[in-house]
Amino acid sequence: MRISHKHKFIFYCNPKTGSDSFREMLNAYSDIKVNNNSKIQGEKYPFYTHISPIETKEIFKNLGWNYEDYFKVICTRNPYNKLVSLYEMVYKRYPNFLRPDFKKWVIKTKNNKTGGGGKDHQRWRKYGTYALEYFIKDEKGNFLVDKVIRLEDFSQEVPKLFKHLKLPEIRGIIKKNVGKKRKSTQEYYDSELVSIIKKRYSWELKKFRYDLF
Numbered sequence: 005m006r007i008s009h010k011h012k013f014i015f016y017c018n019p020k021t022g023s024d025s026f027r028e029m030l031n032a033y034s035d036i037k038v039n040n041n042s043k044i045q046g047e048k049y050p051f052y053t054h055i056s057p058i059e060t061k062e063i064f065k066n067l068g069w070n071y072e073d074y075f076k077v078i079c080t081r082n083p084y085n086k087l088v089s090l091y092e093m094v095y096k097r098y099p100n101f102l103r104p105d106f107k108k109w110v111i112k113t114k115n116n117k118t119g120g121g122g123k124d125h126q127r128w129r130k131y132g133t134y135a136l137e138y139f140i141k142d143e144k145g146n147f148l149v150d151k152v153i154r155l156e157d158f159s160q161e162v163p164k165l166f167k168h169l170k171l172p173e174i175r176g177i178i179k180k181n182v183g184k185k186r187k188s189t190q191e192y193y194d195s196e197l198v199s200i201i202k203k204r205y206s207w208e209l210k211k212f213r214y215d216l217f
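Number 198 in this note's numbering belongs to position 194 of the sequence shown; there are no gaps in the numbering.
Misleading hints may appear alongside valid ones.
The list that follows gives simulated cross-link-like pairs (lysine-lysine, DSBU-like), each with its CA atoms no further than 35 Å apart [to be verified]:
#1 211 <-> 108
#2 37 <-> 117
#3 61 <-> 179
#4 185 <-> 96
#5 202 <-> 61
#6 151 <-> 10
#7 141 <-> 37
#8 211 <-> 123
#9 144 <-> 210
#10 112 <-> 10
#11 144 <-> 164
#12 202 <-> 141
#13 108 <-> 96
#14 170 <-> 211
#15 96 <-> 202
#16 37 <-> 167
#17 12 <-> 123
#18 65 <-> 10
Quick list of simulated restraints, FRET-style, between CB atoms [what the hints assert, rightly or not]:
#19 172 <-> 107: 39 to 49 Å
#20 176 <-> 65: 31 to 41 Å
#21 107 <-> 65: 37 to 47 Å
#22 189 <-> 126: 16 to 26 Å
#23 97 <-> 73: 41 to 51 Å
#24 104 <-> 189: 13 to 23 Å
#25 111 <-> 217: 41 to 51 Å
#26 200 <-> 172: 21 to 31 Å
#27 146 <-> 66: 11 to 21 Å
Hints were generated in silico from the structure; no laboratory data involved.
Small disclaimer: the values here were computed from a predicted structure and weren't measured.
C-beta: ideal position from N, C-alpha, C; glycine also.
Generate the whole structure from the sequences, applying the supplied hints.
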């Protein structure tokens, strides 16, 4: 995550949505740069890289900071691509015979609560399978972010964001930690799995006009 008290912004790192690239572009303007995966960084600033908005709002309250004074930004990505990217990241060091089948893995994950599983410090894995609405809304359904940027629209939306935040004009879009997949995204899915994805991620698929093809 990135926080700027001067420019009044919070950037949330939604796993596998280009957050590494975004953090790099915001580094020069951030007062708090969180790069750890631990849940607790310290008593004064108990943030971590993939912290959720609902956790952050509570921390701001405890620190006496006004959450509503900050412009809150998060990125999103086509769920079909995002799940493939997360799967390949989780099992990138595994030989093929130890990798679970992609479909079976997806079915075992959840779009909230325990999410994609993993250990406590692996919040990137847990939140990586969350439906966006469960990550950016509170228990009453109120939005906790002000702007959602599609990874697919970075080249158009990043300059607009910098202008909105009154940051210096950005000269180029940085691309970091670009993952690799072994086949096309479509090849990971069959009709049954597509139906499951459409149900789990219906809100963001409709909201951001995403589809498999």
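Cross-check of the supplied hints:
| no. | hint | verdict |
| --- | --- | --- |
| 1 | 211 <-> 108 | 27 Å, holds |
| 2 | 37 <-> 117 | 26 Å, holds |
| 3 | 61 <-> 179 | 29 Å, holds |
| 4 | 185 <-> 96 | 10 Å, holds |
| 5 | 202 <-> 61 | 30 Å, holds |
| 6 | 151 <-> 10 | 19 Å, holds |
| 7 | 141 <-> 37 | 23 Å, holds |
| 8 | 211 <-> 123 | 31 Å, holds |
| 9 | 144 <-> 210 | 21 Å, holds |
| 10 | 112 <-> 10 | 43 Å, violated |
| 11 | 144 <-> 164 | 30 Å, holds |
| 12 | 202 <-> 141 | 20 Å, holds |
| 13 | 108 <-> 96 | 17 Å, holds |
| 14 | 170 <-> 211 | 28 Å, holds |
| 15 | 96 <-> 202 | 26 Å, holds |
| 16 | 37 <-> 167 | 21 Å, holds |
| 17 | 12 <-> 123 | 32 Å, holds |
| 18 | 65 <-> 10 | 18 Å, holds |
| 19 | 172 <-> 107: 39 to 49 Å | 46 Å, holds |
| 20 | 176 <-> 65: 31 to 41 Å | 37 Å, holds |
| 21 | 107 <-> 65: 37 to 47 Å | 42 Å, holds |
| 22 | 189 <-> 126: 16 to 26 Å | 23 Å, holds |
| 23 | 97 <-> 73: 41 to 51 Å | 42 Å, holds |
| 24 | 104 <-> 189: 13 to 23 Å | 18 Å, holds |
| 25 | 111 <-> 217: 41 to 51 Å | 22 Å, violated |
| 26 | 200 <-> 172: 21 to 31 Å | 44 Å, violated |
| 27 | 146 <-> 66: 11 to 21 Å | 19 Å, holds |
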